[in-house]
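Each protein sequence line maps, in turn, to chains Y and U.
So for the first sequence, the UniProt record's numbering puts the first residue at 1; every next one is plus one.
So for the second sequence, the UniProt record's numbering puts the first residue at 1; every next one is plus one.
If you're looking for bench data, these hints aren't it; they were derived computationally from the structure.
Some hints could be false.
Per label pair, the in silico range of CB-to-CB distance [said to hold, decoys possible]:
| no. | chain 1 | residue 1 | chain 2 | residue 2 | range |
| --- | --- | --- | --- | --- | --- |
| 1 | U | N65 | Y | D328 | 57 to 63 Å |
| 2 | U | L286 | Y | L93 | 39 to 45 Å |
| 3 | U | G131 | Y | Q327 | 34 to 40 Å |
| 4 | Y | L487 | U | T209 | 54 to 60 Å |
| 5 | Y | L487 | U | A186 | 58 to 64 Å |
| 6 | Y | Y162 | U | L286 | 54 to 60 Å |
| 7 | Y | A172 | U | V13 | 28 to 34 Å |
| 8 | U | G166 | Y | E411 | 47 to 53 Å |
| 9 | Y | N56 | U | I126 | 25 to 31 Å |
| 10 | U | N188 | Y | Y162 | 43 to 49 Å |
| 11 | U | L329 | Y | V217 | 26 to 32 Å |
| 12 | Y | V351 | U | Y189 | 57 to 63 Å |
| 13 | Y | N56 | U | V13 | 44 to 50 Å |
Computed list of chain U residues with no C-beta within reach of chain Y, every gap over 12 Å [stated by the list, open to error]:
| no. | residue |
| --- | --- |
| 14 | Y35 |
| 15 | N69 |
| 16 | Y71 |
| 17 | V125 |
| 18 | T209 |
| 19 | S222 |
| 20 | A314 |
Cβ coordinates follow ideal geometry from the N, Cα and C atoms, glycine included.
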Amino acid sequence: MTAVNPAGPAPRRPVVRPDRTVLLLLVFIITSGLLLVSHNRAVLGNMGSLGTLLLNPIVEALVVSLFLANVLFAYMWKAANWAKLIVGVGSLLFVLPLAGRADSSLLDLSIQIMIFAALALGLNIVVGLAGLLDLGYVAFFAVGAYTWSIFASPRFGEILRYYGENAGATGAGTLAIGLVLVAVTAGSMLYIRGLHARLATTRLSTWSFGLAGFGLVAGIVLVGRSLLVLASGSAAAVAGGIDPSFFWLFLALSIMTAALVGVLIGLPVLKLKGDYLAIITLGLGEVIRVLANNLSLYTAGSQGITPIGSASVPWFNSFAAALGFRQDQFYLLFLYALVLIVIAVILLVNVRLDRSRIGRAWIAIRDDEIAAQAMGVPLMQTKLIAFATGASFAGVMGMIFAAKQTFISPESFNLLQSIGVLSMVILGGMGSFSGVILGAAVVTLLNLRILPGLGEASANVPWIPQQANPGQLQRLIFGSILVAMMLLRPEGLLPNKRRTRELHSEHDQEDESGEGNASGLNAGGDVYSAGMATIKENDRPGGSK
Amino acid sequence: MDLATLLPFIVNVIVGGLVLGFVYAIIALGYTMVYGVLQLINFAHSEVFITGAVVGFEVFRVLQNSELNGYLKLLLALVAAMIVSGLLNVLIERLAYRPLRNAPRLVPLITAIGVSLILQDVLRVIEGLQGRFDLTYTLPAGFSDKFCAAEGSSCAPLGNFLRTIGVDVQLKDVILVVVALVSLTALNYVVNRTRLGKAIRAVAQDRVTAGLMGIDSNLMISATFLIGGALGGISGVLFGMKFGTVNAYSGFDPGIIAFTAAVLGGIGSIPGAVLGGLLLGVIQNLIGVMNIFGNLMGSANLGTIDASYQRIGAFLVLVLILIFKPTGLLGKSNVEKV
Chain Y
1 MTAVNPAGPA
11 PRRPVVRPDR
21 TVLLLLVFII
31 TSGLLLVSHN
41 RAVLGNMGSL
51 GTLLLNPIVE
61 ALVVSLFLAN
71 VLFAYMWKAA
81 NWAKLIVGVG
91 SLLFVLPLAG
101 RADSSLLDLS
111 IQIMIFAALA
121 LGLNIVVGLA
131 GLLDLGYVAF
141 FAVGAYTWSI
151 FASPRFGEIL
161 RYYGENAGAT
171 GAGTLAIGLV
181 LVAVTAGSML
191 YIRGLHARLA
201 TTRLSTWSFG
211 LAGFGLVAGI
221 VLVGRSLLVL
231 ASGSAAAVAG
241 GIDPSFFWLF
251 LALSIMTAAL
261 VGVLIGLPVL
271 KLKGDYLAII
281 TLGLGEVIRV
291 LANNLSLYTA
301 GSQGITPIGS
311 ASVPWFNSFA
321 AALGFRQDQF
331 YLLFLYALVL
341 IVIAVILLVN
351 VRLDRSRIGR
361 AWIAIRDDEI
371 AAQAMGVPLM
381 QTKLIAFATG
391 ASFAGVMGMI
401 FAAKQTFISP
411 ESFNLLQSIG
421 VLSMVILGGM
431 GSFSGVILGA
441 AVVTLLNLRI
451 LPGLGEASAN
461 VPWIPQQANP
471 GQLQRLIFGS
481 ILVAMMLLRP
491 EGLLPNKRRT
501 RELHSEHDQE
511 DESGEGNASG
521 LNAGGDVYSA
531 GMATIKENDR
541 PGGSK
Chain U
1 MDLATLLPFI
11 VNVIVGGLVL
21 GFVYAIIALG
31 YTMVYGVLQL
41 INFAHSEVFI
51 TGAVVGFEVF
61 RVLQNSELNG
71 YLKLLLALVA
81 AMIVSGLLNV
91 LIERLAYRPL
101 RNAPRLVPLI
111 TAIGVSLILQ
121 DVLRVIEGLQ
131 GRFDLTYTLP
141 AGFSDKFCAA
151 EGSSCAPLGN
161 FLRTIGVDVQ
171 LKDVILVVVA
181 LVSLTALNYV
191 VNRTRLGKAI
201 RAVAQDRVTA
211 GLMGIDSNLM
221 ISATFLIGGA
231 LGGISGVLFG
241 MKFGTVNAYS
251 GFDPGIIAFT
261 AAVLGGIGSI
271 PGAVLGGLLL
281 GVIQNLIGVM
291 NIFGNLMGSA
301 NLGTIDASYQ
311 RIGAFLVLVL
321 ILIFKPTGLL
331 GKSNVEKV
């Protein structure tokens with residue numbers, strides 16, 4: 001099995017690519033012009049038949065795709081850095097919002113793409129880096145969404161009213177009991193933990209730790225309940241949701257809640273791997289959806305929660321007004337800006353994590369769990385961090401999604417959504433950040449623009465029956481993406497270099513390390529070639545995305 | 001509520017659960033056969049099985065007005081479903097799994113999910129083109145009657161016995177159990193007593209060595225998929241008979257429950273799949289019944305147990321088994337090495 005590649009490593013020649021600065025700028029100008037024109041009905045009206053052609057949903061989807069391809073080109077092509085910067089920043093900060101001013105649906109679409117890009121980046125950590133196939137990923141998205149929506153909608157007032165009417169024991173007494181319970185159980189958990197550190201773990205101590213954990217949960221529930229009872233007096237005051245300026249607090253809260261749920265779900269299931277983990281996470285995702293469907297007091301059941309508020313940022317609103325945006329577009333523009341910042345932060349976190357100890361530990365686990373464990377990688381801890389990190393990205397985006405839609409229901413978080421995000425990760429390339437973002441953009445465009453566009457166009461074509469309308473073939477598309485990518489190009493559209501080598505080498509691990517050792521004699525750092533791959537990736541001066 | 005009314009109720013629930021359990025058991029066999037040979041969870045099996053249900057529906061629909069005997073119609077439906085599902089499963093293996101046989105474990109798993117999604121939409125479109133979505137089985141006359149209800153019929157002793165213990169069984173439930181038992185026996189015979197079965201078991205143990213002994217492992221894997229698919233076809237028809245209505249998407253729930261059953265019994269083990277199926281059928285029915293209990297006893301809390309919690313129940317069982325006894329009740333553990 002330890003076959004060192006007999007031909008020796010292929011010499012790595014730097015790929016010389018033509019400089020495309022001029023071409024890049026040209027494409028940028030043309031596509032931006034097209035986008036701006038095609039979303040401006042006033043101009044289109046004066047253009048006659050060309051205007052009607054541009055209004056065609058398929059053509060429109062094409063124009064949007066072409067425009068977004070700019071950013072990709074800026075990332076991939078060899079061009080002057082200033083040109084890349086102009087194209088990246090210009091596209092995302094100027095042209096898109098400008099076109100969005102004329103057509104709000106474009107802003108909506110871009111936010112949606114970025115939300116899914118963030119989801120895909122999160123899932124990429126779990127699946128692409130740590131190799132844990134999570135089919136219930138959208139559950140964390142739901143957690144983040146519900147965390148905000150319950151409070152920022154009339155739901156919260158109704159919950160308070162319910163507790164006001166069904167107070168049970170007096171609020172203050174329950175609060176006292178709950179607080180004491182929390183203090184005692186938390187204290188004993190810490191004490192047992194200390195014992196574990198000093199003495200051997202026994203069955204009895206494990207059980208009592210678990211028991212104290214249950215007590216802690218019960219205490220927290222009691223405290224929460226009594227707080228709700230005590231606060232029930234202000235039910236009328238929050239009838240329309242809490243103050244919008246809590247948005248920022250909840251931005252942090254939704255991250256923490258989702259990460260916590262990630263840890264809670266991960267603790268029992270991460271002992272499993274591969275297929276079992278996939279099916280268990282699928283199950284837990286469904287469990288969260290079923291809970292959202294049935295806990296009607298908190299989630300309004302299948303009717304869903306609406307209207308969900310967003311942050312109120314007066315200075316941003318006046319800024320938007322000065323730019324000529326309509327009143328109803330303010331919140332979209334705000335969310336667009338927010339989502340841009342968040343995704344930049346997420347990308348930064350991703351890149352840093354990938355190059356950190358944790359990132360290398362994830363890749364080690366993905367490649368061989370047992371070997372990684374033997375090398376001293378703490379399995380459970382590392383996997384939990386992956387789960388929690390992925391979950392926190394989903395949590396924050398869930399909250400932004402809720403604020404954008406102003407309506408959420410359990411149906412927004414079904415299995416198909418999880419698989420959609422998975423297909424983004426796989427289409428783009430597992431483990432590759434740029435690829436995953438590309439995958440998210442392609443799949444979202446496909447779902448929200450191209451398929452509905454085709455559906456609309458084919459609605460009046462007699463030989464395409466309504467049942468086979470392309471607009472409804474989402475499952476077929478997702479499925480075909482998954483199968484085709486796995487069969488034809490398992491590394492994805494924009495592959496992670498290391499992953500490519502892995503999937504295309506006959507003997508997997510041994511071969512690779514052999515290669516690494518042969519290529520550099522002082523290959524001490526080559527054991528974790530993941531670090532190498534990212535440095536390579538980073539060598540390309542990337543665009544702003 | 002007193003014991004005299006409660007007891008027949010519980011007996012009914014358990015009998016109903018066992019009937020359901022036989023359907024799950026045969027679906028679970030489809031998972032377990034494939035897993036035993038390839039160590040692959042065939043996610044697409046739930047769609048293969050729903051294809052069987054759709055074929056069964058079509059046969060019953062076409063034969064609706066014919067003069068054929070009801071049992072003959074059922075036989076035709078079963079055979080057609082077996083052929084279509086079996087061939088479909090072989091085709092899936094050939095196109096989607098075989099090229100990936102040496103790929104990392106995650107790869108064929110993702111393909112399987114993809115195939116399952118594709119099949120869902122294909123089935124929906126095929127049936128939708130004829131203006132149908134929910135397919136309601138038109139069973140032959142008498143199938144939905146109470147079993148041995150008539151006084152003094154040929155099965156009088158059994159009928160009397162069932163009446164005394166207060167069990168309601170329909171004729172189709174009895175047919176279902178009989179069909180399930182016959183197919184289980186046949187499968188057991190094929191796997192344990194024939195040359196084909198011997199070859200399949202050899203491939204399951206060690207594909208390379210089996211190849212050295214002159215066994216064509218590709219052929220044997222195809223045969224396994226054929227048998228698994230045929231079982232899926234049978235279970236599809238039985239599922240349709242039992243529940244009355246199926247649609248292109250309804251494979252998910254029974255698929256998950258059957259998978260849980262396969263894991264509960266120990267995936268890869270044939271008796272394990274049957275045991276797991278029966279247990280889960282009963283568990284599921286008991287969870288469903290809690291709702292009724294809640295209403296009967298007037299407790300508001302129990303009343304909130306919704307039908308959708310049945311699915312949660314199956315998942316919790318799955319989580320618990322996988323955590324505490326991942327090899328299942330009858331499974332063998334295998335040691336993993338680097």
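Cross-check of the supplied hints:
For N65 of chain U and D328 of chain Y, the Cβ-Cβ distance of about 59 Å falls inside the hinted range of 57 to 63 Å, so the restraint holds. Checked against the hint of 39 to 45 Å, the pair L286 of chain U and L93 of chain Y fails, with Cβ atoms roughly 59 Å apart. Separated by about 46 Å at the C-beta atoms, G131 of chain U and Q327 of chain Y break the suggested range of 34 to 40 Å. Distance hint check: the CB atoms of L487 of chain Y and T209 of chain U are about 28 Å apart, inconsistent with the given range 54 to 60 Å.
Remark: the range hint 58 to 64 Å for L487 of chain Y to A186 of chain U is contradicted by a beta-carbon distance near 34 Å. Against the hinted window of 54 to 60 Å, the Cβ-Cβ separation of Y162 of chain Y and L286 of chain U comes to about 31 Å, which falls outside the hint. For A172 of chain Y paired with V13 of chain U, a C-beta distance near 45 Å fails the hint of 28 to 34 Å. With their beta carbons about 41 Å apart, G166 of chain U and E411 of chain Y fall outside the hinted range of 47 to 53 Å.
Taking the beta carbon of each, N56 of chain Y and I126 of chain U are about 30 Å apart, inside 25 to 31 Å as hinted. In this structure, N188 of chain U and Y162 of chain Y break the distance hint of 43 to 49 Å, their C-beta atoms being roughly 57 Å apart. Our hint of 26 to 32 Å for L329 of chain U and V217 of chain Y holds, since their Cβ atoms are close to 31 Å apart. Between V351 of chain Y and Y189 of chain U the beta carbons are some 59 Å apart, a value that agrees with the proposed interval 57 to 63 Å.
A hinted range of 44 to 50 Å for the beta carbons of N56 of chain Y and V13 of chain U is inconsistent with their spacing of about 59 Å. The non-interface label for Y35 of chain U is inconsistent with chain Y: the shortest C-beta to C-beta separation is roughly 9 Å, within 12 Å. N69 of chain U, annotated as away from the interface, keeps every beta carbon of chain Y farther than 12 Å; the closest lies near 35 Å. Chain Y leaves Y71 of chain U outside its interface by the beta-carbon criterion, the shortest separation being 34 Å against a cut-off of 12 Å.
Taking the minimum C-beta to C-beta distance to chain Y, about 5 Å, the non-interface status of V125 of chain U is violated against the 12 Å cut. Consistency note on T209 of chain U: stated as away from chain Y, and its beta-carbon is indeed over 12 Å from all of that chain's, at 17 Å minimum. Remark: the non-interface label on S222 of chain U is consistent with the geometry, its nearest Cβ contact in chain Y lying 18 Å away (cut-off 12 Å). The non-interface label for A314 of chain U is inconsistent with chain Y: the shortest C-beta to C-beta separation is roughly 8 Å, within 12 Å.
In this structure, the hints that do not hold are numbers 2, 3, 4, 5, 6, 7, 8, 10, 13, 14, 17, 20, in rising order.
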